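**Student:** Under the working numbering, the final residue of the sequence shown carries the number 418; numbering is consecutive throughout.
The set of hints was computed from the structure by calculation and includes no laboratory data.
As the structure is a computational prediction, the values presented were derived from the model and not from experiment.
Where a beta carbon is used, it is the ideal one built from N, C-alpha and C, also for glycine.
Some hints could be false.
Stated by the list, open to error - Label-pair distances were calculated between CB atoms; the ranges are:
hint	residue 1	residue 2	range
1	366	129	27 to 37 angstroms
2	171	142	24 to 34 angstroms
3	127	45	34 to 44 angstroms
4	363	56	36 to 46 angstroms
5	296	66	17 to 27 angstroms
6	63	249	31 to 41 angstroms
7	300	62	30 to 40 angstroms
8	127	321	39 to 49 angstroms
9	63	316	52 to 62 angstroms
10	86	275	22 to 32 angstroms
11	276	360	41 to 51 angstroms
12	335	153	30 to 40 angstroms
13	89	335	13 to 23 angstroms
14	369	272	23 to 33 angstroms
Said to hold, decoys possible - Once the Cα atoms are required to be at most 30 angstroms apart in a straight line, the calculated BS3-like pairs of lysine-lysine come out as:
hint	residue 1	residue 2
15	322	299
16	135	114
17	138	152
18	202	180
19	390	211
20	114	164
21	180	114
22	152	180
23	299	123
24	194	180
25	282	299
26	164	202
27	63	91
28	126	138
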Amino acid sequence: MTITLDKQTVPAVGGEATAQGEVQNGRHMTGLPLESGFCLSLWLQTVRNNPLLNHRTTEELPKEAEVVIIGSGISGSLCALSLLQNPDPPKSVVILEARELCSGATGRNAGHCKPDQWRGFTKYQKRHNTEQALKILKNEQDTWELMAAYVKKHNVQCDFWIGKTLDVCMTDEVAETAAKTFSDYFEAGGDVSKIEVTTGSKEAEEISRLKGARAVYAWDASTLHPWKLGESPYQLADVAHIVQQALDLGLNLQTWTPATSISGSAHQWTVHTDRGSITTSKVVHTTNAYAGVLLPEVKGAIHPTPHMCDKVIPPTSYSGTKSLQNSYAVIYPTGLYSINPRLNADGAVLFGGSAPNQQRLLDYVAEDPENRQTDDSLINFEPVTEAVRKLGREGFEWLSRFLCLHSRDAVDRNEDGS
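Assemble the whole structure, with the sequences as input and the hints as a guide.
**Tutor:** So this is what it looks like as structure tokens:
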């Protein structure tokens, strides 16, 4: 599996000759998402029979709408649902999705819903001020609680797990920085009542099961299948719950319809696509890494950053009753591993985040940023995968063989555009 936005052109990554032609032929010249040749993340692999993947509410693109939302990830979907649940909803809401439903960042992350309880405090305090830093962290906790309540209320079948997440400090330097941040957060009035702190190598290693651990911070968090957020309460295949609710309220979803440009001015916009144009008084951009294509003014503010996530089949020593029972952030001075053990699913362990070899991937992207920053055809980046293997061998002490798996091969559209 991969969450990367990158280009398969390095021989060590799987072969230069086969990738370059596919990527160039599949890319819109405007820099929009790959039309073909993009890889399938774990989440996208597991919903191939879902009719929402290529759903079009109407055969033809509507000529007008009160609100047009560009992008069908978590932001676009929640925006549509919120608007349509309003007591005075818009007369019409259309979502334009360049490819399959939720095939961008939301459909490619590592499956964590982990509120930052304290770790970002110092950074936010320096960037803003103490008051704002506390508000940012409180917002993370509030958001997580609302999401957990939503999943429970609607019985959303999205492999949802709640338990202790562990921030594991792997060096003295990291442990000292964490302790200082934690202390500063507490002294500023931050709520630490829900955070369990373990210091001392012996105790930290026992709790985390990681050799070399120096300290552990634990609190409640979740993992889930982000695309499935989630199945219908009526168990209709793997229907994306949020989108289905919005469709039931009148949403018009148009997949495989990339917005190529926008013209007009306030109160009257025209969104152009290969299937025609749609006029609207309100445009909502939820395109993440691709925002700069339609909004050049944000290019300096939004920086697409690729990451890689590996799916690992754990060895017998970490299977069954011995399987990992927590999600993790395993923190080194040069990066962190974000680990999701899929406790309510198949038990495969997802290693994402910014592993110590993440810089190698960023260096590779920097050689051709225009093409590589927003290119999700890469199915593996060996330096990152090797870092995952190293953590398995040296951290968890997996002495027997374990498998690192990656995204499936490229996806191509049919000749009829479907």
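**Student:** For each hint, tell me whether it holds in the structure or not.
**Tutor:** Evaluated hints:
no.	hint	verdict
1	366 <-> 129: 27 to 37 angstroms	holds (33 angstroms)
2	171 <-> 142: 24 to 34 angstroms	holds (32 angstroms)
3	127 <-> 45: 34 to 44 angstroms	holds (38 angstroms)
4	363 <-> 56: 36 to 46 angstroms	holds (41 angstroms)
5	296 <-> 66: 17 to 27 angstroms	holds (26 angstroms)
6	63 <-> 249: 31 to 41 angstroms	violated (21 angstroms)
7	300 <-> 62: 30 to 40 angstroms	holds (34 angstroms)
8	127 <-> 321: 39 to 49 angstroms	holds (44 angstroms)
9	63 <-> 316: 52 to 62 angstroms	holds (60 angstroms)
10	86 <-> 275: 22 to 32 angstroms	holds (28 angstroms)
11	276 <-> 360: 41 to 51 angstroms	holds (43 angstroms)
12	335 <-> 153: 30 to 40 angstroms	holds (37 angstroms)
13	89 <-> 335: 13 to 23 angstroms	violated (44 angstroms)
14	369 <-> 272: 23 to 33 angstroms	holds (26 angstroms)
15	322 <-> 299	violated (47 angstroms)
16	135 <-> 114	holds (16 angstroms)
17	138 <-> 152	holds (21 angstroms)
18	202 <-> 180	holds (21 angstroms)
19	390 <-> 211	holds (12 angstroms)
20	114 <-> 164	holds (10 angstroms)
21	180 <-> 114	holds (21 angstroms)
22	152 <-> 180	violated (36 angstroms)
23	299 <-> 123	holds (23 angstroms)
24	194 <-> 180	holds (18 angstroms)
25	282 <-> 299	holds (21 angstroms)
26	164 <-> 202	holds (19 angstroms)
27	63 <-> 91	holds (14 angstroms)
28	126 <-> 138	holds (17 angstroms)
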